Each structure stands twice: as C-alpha cells, then as structure tokens.
Amino acid sequence: MSATTLTSDLRTDARIPLRGHLRHTGALVRRNLLWIRQDPESMFDAVLFPIVFTLLFVYVFGGSIGQSLGGGQEAYVQYIVPGLMAMMGMNMAQGVGTGFNQDFNTGVMDRFRSLPIGRGSVLFAKISVEMVRMLIATAILMVVGVLVGFDITDWPGLFAAVGLSAVFGSALMWVFLTLGVVMKNAQSVQAMGFLVLMPLQFGSSIFAPPQSMPGWLEGFTEYNPLSSLADAARGLMVGGPVAQDLWMTLAWSVGITAVMAPIAIHKFRTKT
Amino acid sequence: MTRTDKQTGGTGSAVTVRGLVKHYGETRALDGVDLDVREGTVMGVLGPNGAGKTTLVRILSTLLAPTAGQATVAGYDVVRQPRQLRRVIGLTGQYASVDEKLSGWENLYLIGRLLDLPRKQARARADELLERFSLTEAARRPAATYSGGMRRRLDLAASMIGRPAVLYLDEPTTGLDPRTRNEVWDEVERLVGDGVTVLLTTQYMEEAEQLASELTVVDRGKVIASGGIEELKAKVGGRTLRIRPADPSRLRPLAGALDELGITGPAGATVDAGREAVLVPILSDEQLTAVVGAVTARGITLSSLTTELPSLDEVFLSLTGHRASAPQDTVPVDAREEVAV
Numbered sequence: 001m002s003a004t005t006l007t008s009d010l011r012t013d014a015r016i017p018l019r020g021h022l023r024h025t026g027a028l029v030r031r032n033l034l035w036i037r038q039d040p041e042s043m044f045d046a047v048l049f050p051i052v053f054t055l056l057f058v059y060v061f062g063g064s065i066g067q068s069l070g071g072g073q074e075a076y077v078q079y080i081v082p083g084l085m086a087m088m089g090m091n092m093a094q095g096v097g098t099g100f101n102q103d104f105n106t107g108v109m110d111r112f113r114s115l116p117i118g119r120g121s122v123l124f125a126k127i128s129v130e131m132v133r134m135l136i137a138t139a140i141l142m143v144v145g146v147l148v149g150f151d152i153t154d155w156p157g158l159f160a161a162v163g164l165s166a167v168f169g170s171a172l173m174w175v176f177l178t179l180g181v182v183m184k185n186a187q188s189v190q191a192m193g194f195l196v197l198m199p200l201q202f203g204s205s206i207f208a209p210p211q212s213m214p215g216w217l218e219g220f221t222e223y224n225p226l227s228s229l230a231d232a233a234r235g236l237m238v239g240g241p242v243a244q245d246l247w248m249t250l251a252w253s254v255g256i257t258a259v260m261a262p263i264a265i266h267k268f269r270t271k272t
Numbered sequence: 001m002t003r004t005d006k007q008t009g010g011t012g013s014a015v016t017v018r019g020l021v022k023h024y025g026e027t028r029a030l031d032g033v034d035l036d037v038r039e040g041t042v043m044g045v046l047g048p049n050g051a052g053k054t055t056l057v058r059i060l061s062t063l064l065a066p067t068a069g070q071a072t073v074a075g076y077d078v079v080r081q082p083r084q085l086r087r088v089i090g091l092t093g094q095y096a097s098v099d100e101k102l103s104g105w106e107n108l109y110l111i112g113r114l115l116d117l118p119r120k121q122a123r124a125r126a127d128e129l130l131e132r133f134s135l136t137e138a139a140r141r142p143a144a145t146y147s148g149g150m151r152r153r154l155d156l157a158a159s160m161i162g163r164p165a166v167l168y169l170d171e172p173t174t175g176l177d178p179r180t181r182n183e184v185w186d187e188v189e190r191l192v193g194d195g196v197t198v199l200l201t202t203q204y205m206e207e208a209e210q211l212a213s214e215l216t217v218v219d220r221g222k223v224i225a226s227g228g229i230e231e232l233k234a235k236v237g238g239r240t241l242r243i244r245p246a247d248p249s250r251l252r253p254l255a256g257a258l259d260e261l262g263i264t265g266p267a268g269a270t271v272d273a274g275r276e277a278v279l280v281p282i283l284s285d286e287q288l289t290a291v292v293g294a295v296t297a298r299g300i301t302l303s304s305l306t307t308e309l310p311s312l313d314e315v316f317l318s319l320t321g322h323r324a325s326a327p328q329d330t331v332p333v334d335a336r337e338e339v340a341v
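Residue numbers (this note's numbering), protein chains in the order written: chain P, 1 to 272; chain Z, 1 to 341.
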C-alpha cells in the first residue's frame, strides 16, 4: 500500500516543472517568514542562544577548563567558540522537526498535501528558513565570540566550519523530521530532541577536552559524531589537525542521512 | 483527455467509488464502500463516529491510499492520477485547517500561489473570496484571533480558491454553536447554488436533511443504505400518525383506547404530553383507517390529525439497530450532547 503511494507520488512530482517547485517553495518560504514577523519571539532562541551560551561557558567554566588546556579563559574562548558553532546546525535540525509537527497538528499539512504541489516544497521551504536562522545565530555567535576575545585567524576555515555544521545539521534534520511526524506534539518533539541531544552534546568534546574525563566517557566521546564535528570545526577555525575529523563528520552525515531519510520520508508519506 | 470529456463521459458522476477498502491492521475502517455523487448535487454521508467517513474523504483527497477498490473524482483515479485530482478538489476538514499565524488574506494568497495563480490573480482571488465570505474587515488580522465561525468560513474560502469541481466538507459544523452552524450552512447552500458538487460528511441528521439531496448511510465501514432523502425515509416505511384531541384531558383515554384496539405498531401509542398529542405508528393504510374509525366511534373531537415520515434518527435506528447519535463506544450521552451543541 505504501509502495503504491510512493511511486505514484514520485511520478506526480516529476511532472511539476522546476519553476512550479520554485514558486511553491517561494510561497511557503514567505509563509515561514511571516510567522517570524507575526511572532518575533520565535527568533529569541536564535538570538539569545549564542549570547547566553558563549557568556555562560566562557565566564563560568572558562577559567578552570582553560587551565587544563594550558592557558586560562583566553585559551578556553578559542576552544568553546568552534564547539558552539558545531551546535548551531543542531538547532536548525530541531526547528525543522518541531515546525513540521505543528503543521501536522493544525491540519495545515492536510491542506498542503491535498494541493497539487510537490510534497518536498513544504520541507525545502522550512529548511531554507531554518538555515537563515542558523546563519543569523552563527553571526551573533561570532560577534559575541570576538567580543569576549576570540581570534578569527582563518576566514575560509570559518566558513568551512559553518558549512560543515550545516551539513551535519541537515543529516540530523532527518532524525527530527521523523520525530516531528511520529510524536504527538511539538513539545514532545522538543523534549525528545533534548533528551537525545543533551548527553550527546555534553559527552563530547564540544565543551571540554575529553582527556579530563573518566576512561569510559572518553571512549564514548571518541566515537561521538559531535566530537568529530566540534574538533573539525576547531581545526578549521583555529588550526590543528582537520582531515580525520572532517572525514568522520562527513561519514556520519552520510550514514545518518542514509538510514534516517528513508524512514522520515516513509513516515511522512504514510502519515494518516 | 480533457477533464470536461471525462467528467461528462456518460454517467454524469463527479465521484465514483467502487468496493473501497481501507484496513488499519485488524481494523476495517472501510469495508467495501460503493458511492456515486452526481455532478452538481450534494451527497450527504451520514454515520456515527468511527463509521469511516473521514477515512473516505481522506482517500478521495489523496491523503490516504486505499487498501483495495477504486475511486475516481472528476474522472481522475485517486491512486494513479493524484496530481490532476488535487487540482479539481477542495477540502474543508473537520478542524479548520488554516494557518493561525497568518492573516486571513495571507492564508488565501498562499493557497492561490500554491495553485499556480500569478501574483496579481492570487491577490485578486484572495480579496474576492474574503469579500464573499464576509471576512474583508478581518482580512489583515491573524487567523488566531478569528471566532470559530470565521475560521470555518476562511477554511471554506481557502477550499474555493482553485474553483474546485468537487468540494469535500468533512463534518463542517462539528463543534460549532447553532448560530455559527447556520452561517456555515448558508455558505454551503450558496456554493451549491454555484454548481459545485459537494460530498458532505456529517453525524447530524438535521445537517444532512438541510444540505444534502442524496444520502449514503455508513456504519462500521459499510454502506447500509443510500438514495434520496425522501426515498430513504419511505424505504424504512413506518409513518407516524399524530392525533391531537381538541380537549387535552382526553389524551390518556385516547391512547388507552388505541392500545386496546391492538392495531397499532409494535411500539404502541405514545403520549406526547408537551405537544398534547398521541403518536401512533402506522404500518398500513388499513391500520390508519381503523384508527380513525376507532376515534370517531368514541366521539373524541380532534383538532388535528397528521401523518409524519420518520426522522433521520429513526431511519438510522431502524437500519442499524443503534442510534446514530450514540456511538457504540463509551461516551455518555450527556457529555456528547454538550459537545454537539
């Protein structure tokens, strides 16, 4: 039954001209932007998250963690800013998941799905807008980072780190989309996302060097994709070895996408 | 190949459903449904909660794939030609599916653009429909600030943007107060006046009677009766004779006398004290004559004597053995009544 839906949809989508897809996606992007205008508070997290996290970590933990890095607070700034950068992609991923969930719950998705548009348009529009949010949050992070003493030494590296975070975020997006389609409401999507991400984030090299952690945890962080991402971002932004972490991050991104994208699409297509 | 060819191709049927089946695991939401909606008519699909009405609408609007069976809308197959089909339908769901964060105007403009109207036309269509559904004043306000009735009207307007040939109304007035319900009914009647074919699902007899010309009664995924409303009533038979004595104090003696005759229906004569009348179920013309004769013989003066066709609720009761408004699950009748108001 699901197989017939899938093939018929694919054939249908193929018949909508590219310009049609662009028009539909554009109209839906406009919709998502109007949301922000209507509800400016929805931008709070994008704006406040980088400010609060940067200040919190630099000033609360910076001194003591910095010591273990062989410096002080200044050394920690160089460490934490690329780490927080790595987290931006995840916020994007989460936003797409909760947004989708809301559309399903309000019945708006039913209306979209009963219109002659490619079903991907709704998704692409949401991703585009979340991507913009992510870039805004990243820009704010960099401004705050520089204000508390981060040295931007390598601009191309910085952009590469932003790109890598977005790539990894896009892979995680499939996880959140699946949650968004399966879970009952946006709050549970958020709570579930938090439950999954929290241990992954703190059990990684994002906030502190794993060398100071107990053996079992250090072992975990080594295989944690968020560590690879954070270390790759660090290498790209402040120098140091990059290649292995970069490949690991890309491999994880491909792996997560390969597993989760078909599940998310299947759940989306067969959602009743 | 063109739509008009297909639509008028012989049957004049806008929606054709044959042997439609939808299973969810063990549950048979639809269990072989046949249905024909003629062009330009309103087909009421009547049934209690869980009868499969919404499943039917969701399949006909390509939101759900059938397990088996066939369905075409305006000549397009729901499984093989979903994109063409989506172009000719409008859907107003059980819950007004408008984007609450957008204004009424933005909602309609968005749908217009998604239906490939050029910007200018999409704007004009949004203005036109807001005007038509009396929402012009609220056009720029977020839909979240709208009343229940305004939301349903906006939802209807959104369904009409693409000038659909077939409009699905899935329980359009569930949860509305009576005044708002009448508003929605008026709008639907106007749409029908414009020649839109409507498939209406409802749990309310009154609504079906008000809007639909033909009726399909569904229960537990099966069609249990279909036809014109009057036709259906006739099929169930069982007219009721309403006798009103001129002197209300004669009500009870009258009822007793009729019972003694033993010619009344299985339920016997009942007294409707509020309306000062005795109700007698009648199965044949002979019975009717006998009752009238008995009344005359006793010298009871009557102020009125009328025969009535059964209400749709009674129709449902006699077709399914349970009342339409009281589904088989556990919801107490009182609570349901409150919801229904």
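It should be emphasised that the hints constitute simulated quantities derived from the structure, not laboratory data.
Hints may contain errors.
Heads up, incomplete: computed chain Z residues facing chain P, CB under 7 Å, no partners named [what the hints assert, rightly or not]:
| # | residue |
| --- | --- |
| 1 | L91 |
| 2 | G93 |
| 3 | S97 |
| 4 | R140 |
| 5 | P142 |
Reference listing, derived: stretches of chain Z covered by chain P, where coverage requires no fewer than 3 residues with Cβ under 8 Å from a Cβ of chain P [claimed, not checked]:
| # | segment |
| --- | --- |
| 6 | 114-128 |
| 7 | 169-179 |
| 8 | 221-232 |
Since the structure is predicted, the reported quantities are computational estimates derived from the model, not experimental observations.
For every residue, glycine included, the Cβ atom is placed at its ideal position computed from N, Cα and C.
Verification of the supplied hints:
The restraint placing L91/Z at the interface with chain P holds, with a minimum CB-CB distance near 5 Å, inside the 7 Å limit. For G93/Z, the suggested interface contact is upheld, since its CB lies about 5 Å from the closest CB of chain P, less than 7 Å. Checking S97/Z against chain P: minimum C-beta separation of about 3 Å stays under 7 Å; hint holds. Because the smallest distance between the Cβ of R140/Z and any Cβ of chain P comes to about 11 Å, over 7 Å, the interface hint for this residue is violated.
About 6 Å separates the beta-carbon of P142/Z from the nearest beta-carbon of chain P, less than 7 Å, and the hint is met. Look at the segment 114-128 of chain Z against chain P: 3 of its residues bring a Cβ nearer than 8 Å to a Cβ of that chain, three or more, so the hint holds. Check result for the segment 169-179 of chain Z against chain P: violated, 0 residues qualifying (beta carbon to beta carbon below 8 Å, three or more required). Coverage of a stretch by a chain is defined here by at least three residues with a beta carbon nearer than 8 Å to that chain's beta carbons; for the segment 221-232 of chain Z and chain P the count is 0, and the condition is violated.
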